[in-house]
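Sequence order for the protein chains is W and G.
Per my numbering, numbering of the first sequence is gapless, rising by one per residue and ending at 266.
Per my numbering, numbering of the second sequence is gapless, rising by one per residue and ending at 1568.
Where hints are given, some of them may not hold.
Output of the computed footprint for chain G on chain W, the stretches with three or more beta carbons under 8 Å from beta carbons of chain G [to be verified]:
1) 70 to 81
2) 154 to 162
3) 182 to 193
4) 214 to 220
No lab work stands behind these hints: they were computed from the structure.
This structure is a prediction, so every number in the text was calculated from the model and none was measured.
By construction, the Cβ of each residue, glycine as well, lies at the ideal position given by its N, Cα and C atoms.
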Amino acid sequence: MKSLFRKSLFHAGRVPDPALLDGHRSLIRRIERRGLIRGGLSLGALTMLAGCDVKTPDSVEAALRAVSAFNDVVQALLFDPGKLAPTYPASMVLKPPKFNAYYDIMDVRPVDGQSWRLELSGRIAEKTPWSLQQIAALPEKEEIIRHICVEGWDYIGQWSGPPLGDFLKRVGADTRAKYVNFFTADDYPSSIDMATALHPQTLLATRYAGETLAAPFGYPLRLRTATKLGFKNPKSITAIEVTNTYMPGYWEKRGFNWFSGI
Amino acid sequence: MLICSGMAHAQQPAPPGMSLAEAASRRFPQAVRVGDLVQREVLQPIESQPRLGRVREVVQQADGTIDVVVEYGGLFGLFARPIAVPVDAMVLLGEYMEIVDFTPKQLRHFKTFDGAGTTKLPGDSIIRVGLARPSH
Chain W
5 MKSLFRKSLF HAGRVPDPAL LDGHRSLIRR IERRGLIRGG LSLGALTMLA
55 GCDVKTPDSV EAALRAVSAF NDVVQALLFD PGKLAPTYPA SMVLKPPKFN
105 AYYDIMDVRP VDGQSWRLEL SGRIAEKTPW SLQQIAALPE KEEIIRHICV
155 EGWDYIGQWS GPPLGDFLKR VGADTRAKYV NFFTADDYPS SIDMATALHP
205 QTLLATRYAG ETLAAPFGYP LRLRTATKLG FKNPKSITAI EVTNTYMPGY
255 WEKRGFNWFS GI
Chain G
1433 MLICSGMAHA QQPAPPGMSL AEAASRRFPQ AVRVGDLVQR EVLQPIESQP
1483 RLGRVREVVQ QADGTIDVVV EYGGLFGLFA RPIAVPVDAM VLLGEYMEIV
1533 DFTPKQLRHF KTFDGAGTTK LPGDSIIRVG LARPSH
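Bound conformation, chain W alone (with noise of 0.2 Å):
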């Protein structure tokens, strides 16, 4: 009976690692301690608030933020900067990748790239913009990885250009500033976590399989992380801000979950 179970095409073929669980033990226990309780209390007052005028809308997404925000504080606590995600064989990478905007393919405006410059605000030591030919003679890397869509939806992307850490480290960012904000040609406003910037499998990517990045994509810069949602990657980034000033981004601000790891 139990090799039947083992064989079961529901039962998973890899389980995690149990050291996983060791490696985390002191962060899963202040969760479960501070967080959990005291978040969880929180949370109960507000969902009974909203529960004693559900009919007000006002109310309820103030209590659905709530846990939105809750929910970026833990991901953000379970977020590990040092662990990797998966990585795929060249022969799955989608060609092209997969357009999506919160604009129609016929709205895309392309950017020019021989003005394009990207700027650098806030806390940050060098701030002369870059021209897209310094930032092509930078030390490149390149990212096979998957690409999930907050729609459901996912696909094997590669991904080069130089690491976002490695290039705020050269223009003298304050890495121990929260917020790493973008801003671009597309008018998506953009800001992630400082371990997510740092991350190694964040990239400031110019290509795409090689290719230079199609307009659709994301020309001449976007943001591509291999740690969080799709909705997450800027595309032709104009400006990179530090900061420790929270900055809602473009979903954000309709509801989106800021953290979105995944």
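Chain W is fixed; fit chain G onto it per the hints.
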């Protein structure tokens, strides 16, 4: 609910008065191997994304235009028939294709493809196909 309603979307066909070729050129056509298109599922560009068929082959007409031959319709893979759809009326949607400029009602009236006057493109040929964002 907020999330889903914010992203739900249906593709729009070529604007009135715009030719298929002109509309296709505004969908940022991307290079793709013919062999990578064969067997792709073809969807209808509405929120529920029903399956219209599957790509059988890609052919070139005598005038140089390119059609995608789709095994269209049928039930559970049976009784489908091949129809030739202009590539300019189709888009890439990740691992799928969509027919954005013809409705299922119009497609039902397409004649059954018999290959006459066309040349089948080999799998390593490169053609260009426009893009679309997801319809759901």
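Hints violated by the structure (listed by number, smallest first): The structure breaks hints 1 and 3; every other hint is satisfied.
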